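Q: The primary structure of each chain is shown beneath.
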Amino acid sequence: MGELIDLVLLAMLAITAIRIIFLKDLFAVVMLFGIYSFLSALIFINLDAVDVAFTEASVGAGISTVLMLGTLALTNRKEKESSHSSILPLLVVCITGAALIYGTLDMPPFGHPNNPVHEHVAPRYIEESPKEVGLPNMVTSVLASYRGFDTLGETVVVFAAVIGVLSLLGVRRQEENDTPESGFRAHHVLQVVARVVIPLIILFALYVQFHGDFGPGGGFQAGVIAAAAFILYSLVFGLSSAFAVVGPKFLQLLASIGVLLYASVGLFSIYKGGQFLDYNKLAADPIVGQHYGIIIIELGVGITVFAVMLSIFYAFGSQAERSNIR
Amino acid sequence: MFILDIVSSILLFAGIFFGLSGAFGLFKFPDFFTRVHAASVTDSIATILILFGLILQTSFDINTAKLLFILAFLMITSPTASHALAKSARHGGLLTLPEANAKQQEQTR
Amino acid sequence: MTEVYTTVCIAILVVMAMALARAMSAPTVYDRILGVNMFGTKTVLFIAVGGYLMGRPDFLDIAIVYALINFIGMVAVLRFFEYTAPVE
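These protein sequence lines are chains A, B and C, in that order.
Counting along the first sequence from 1, when you hit position 99 you're at 99 in my numbering, and nothing is skipped either side.
Add 1000 to a position in the second sequence, counting from 1, and you land on the number used in my numbering.
Add 2000 to a position in the third sequence, counting from 1, and you land on the number used in my numbering.
Just chain A, with the same shape it has in the complex (with noise of 0.2 angstroms):
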């Protein structure tokens, strides 16, 4: 049953990716990127990768479809005719990716248990992260207390990203009352659900915040999921008052604090006479400073994560009203 709901799965995303090949209309395109995210994130759960599932669903299928549509509010909605002669470059991808599916002739054969990627680390992790970690969602412990350093490295990674997008578009404050009413000023609808639902959504980023430990999510998923909250906020109710809310020069300030915080947890360990990000110092049990690191790691990056989406999502957004309005 799993194995046909993976090809049927599997049919769709071929399909959809093709039919976005040939389709000339940008605003179309970026829909059925969005079919695509959510159909990759299906194939995620049914490989039972949830954590992964999460991600893809929330950044993939939400976040990069915004953006995505900022940026074409930006540009132009048709593709423009190519006048190359597109023989070459055919040529070129046709080699590579027979390259790449003879590559795949030697891979080891799916879900084997002797496969190389089960028999070094991975069996280390499973017998004995309960009993270093004690978290029962493992996924939660090799990010965030073994391979902490790294997830250290991503977090600074998503704050450069906020640095470079903002020097190259920044934010532009909106002069009062200077919008006509759009057509969409007037969705009473919308406007009366969404105070009704943008709470609920907070409240679900909360939960996917502090129940990471024990089920799918973490601080990546909740900062996206918190940023999607205040960004249906802006789309509804025009981005002036979403910057009454939650200022820009605020985000900056958060998403610095978000991974300060994580770099401080690790100075602490130091000062407390451990390593770099070594939990077990935290607190006079192990188990238990594991605990108390893990949750203020994830929050320092479920913060910066919901500051740096925000801002970019600024920075788009403002761009748009801006060029569109005159």
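For the record, the hints were derived by calculation from the structure and aren't laboratory data.
Quick caveat: nothing in here was measured; it's all calculated off a predicted structure.
Treat each hint with caution, since some may be false.
Simulated restraints, written as ranges between beta carbons of each label pair [what the hints assert, rightly or not]:
1) A:99 <-> B:1024: 58 to 64 angstroms
2) C:2006 <-> B:1002: 31 to 37 angstroms
3) B:1062 <-> A:271: 48 to 54 angstroms
4) B:1007 <-> A:199: 31 to 37 angstroms
5) A:100 <-> B:1027: 34 to 40 angstroms
Okay, the calculated bits of chain B under chain C, using three or more residues with CB under 8 angstroms as the criterion [claimed, not checked]:
6) 1010-1018
7) 1023-1029
8) 1035-1042
9) 1049-1058
10) 1072-1086
Chain A is nowhere near these chain B residues, computed Cβ spacing over 10 angstroms in every case [to be verified]:
11) 1002
12) 1007
13) 1097
14) 1098
15) 1104
16) 1106
For each residue, glycine too, the CB sits at the ideal point set by N, CA and C.
Put chains B and C on the given structure of chain A with help from the hints.
A: Then chains B and C, alone, in the frame of chain A:
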């Protein structure tokens, strides 16, 4: 327990009946506004039936609460999305079938 | 109950495929958006039923995320559709 299984099976099958008929309506109805009607109404009833069918299978724990949360959320957002879509289409100048026919007759005259 | 869940899963997959077909080849952009929205809500149901089929009720968390993201994506599409000029 047996009766609960039967009831939830009936609910699930009724749900997929409405879901399938909505999908057919998406193709069969003549103009956009009737298609919105087909999709959104059947979407709502299919959601209610299928999620209630699943709720009967839980043992009234956190999963029940999550299913009820999904149900409440979809009950609020799905009709709203359909409404917003139909309103945008109306603002964008899309006509219903009788209006389009009347316009065509005006042009041919 | 497993047979019932399997049948329901397959039926929802069929509905998803039809909505996908609609989203790919639609007469107007609004029909496309309608197809995408229907695909999203049916996916939520698919994950919920599939979680019970595989005995993993913690899939429900992901169903909630799908429901949230689907609504936000829908609002974003309609919002930015106002900005962009029609293609015809």
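Q: All the hints need checking, so say for each whether the structure fits it.
A: Okay, the hints, checked on the actual structure:
Between residue 99 (chain A) and residue 1024 (chain B) the beta carbon distance is about 45 angstroms. The supplied range of 58 to 64 angstroms is therefore violated. Residue 2006 (chain C) and residue 1002 (chain B) have their C-beta atoms about 19 angstroms apart, which leaves the hinted 31 to 37 angstroms range violated. Between residue 1062 (chain B) and residue 271 (chain A), the C-beta spacing of about 39 angstroms breaks the proposed range 48 to 54 angstroms. Against the hinted window of 31 to 37 angstroms, the Cβ-Cβ separation of residue 1007 (chain B) and residue 199 (chain A) comes to about 34 angstroms, which satisfies the hint.
Checked against the given bound of 34 to 40 angstroms, the beta carbons of residue 100 (chain A) and residue 1027 (chain B), roughly 38 angstroms apart, stay inside it. Given a C-beta distance limit of less than 8 angstroms, the hint that chain C covers the region 1010-1018 of chain B holds, as 4 residues qualify and 3 suffice. Coverage of the region 1023-1029 of chain B by chain C holds. Counting CB-CB distances below 8 angstroms, 4 residues qualify, and the rule asks for three or more. Coverage of a stretch by a chain is defined here by at least three residues with a beta carbon nearer than 8 angstroms to that chain's beta carbons; for the region 1035-1042 of chain B and chain C the count is 3, and the condition holds.
Only residues whose beta carbon comes within less than 8 angstroms of a beta carbon in chain C count, and the region 1049-1058 of chain B has 5; three or more means the coverage holds. Proximity of the region 1072-1086 of chain B to chain C, defined as three or more residues with a beta carbon under 8 angstroms from a beta carbon of that chain, is established by the 9 residues found. The Cβ of residue 1002 (chain B) lies farther than 10 angstroms from every Cβ of chain A, with a closest approach of about 24 angstroms, so its non-interface assignment holds. For residue 1007 (chain B), the condition that its CB be more than 10 angstroms from all CB atoms of chain A holds, with the nearest at approximately 24 angstroms.
The Cβ of residue 1097 (chain B) lies farther than 10 angstroms from every Cβ of chain A, with a closest approach of about 23 angstroms, so its non-interface assignment holds. Distance check on residue 1098 (chain B): its Cβ is at least 23 angstroms (rounded) from any Cβ of chain A, clearing the 10 angstroms threshold; non-interface status holds. The Cβ of residue 1104 (chain B) sits about 26 angstroms from the closest Cβ of chain A, beyond the 10 angstroms cut-off, so the non-interface label holds. With a least beta-carbon separation of about 26 angstroms from chain A, residue 1106 (chain B) lies farther than 10 angstroms from that chain, consistent with its non-interface assignment.
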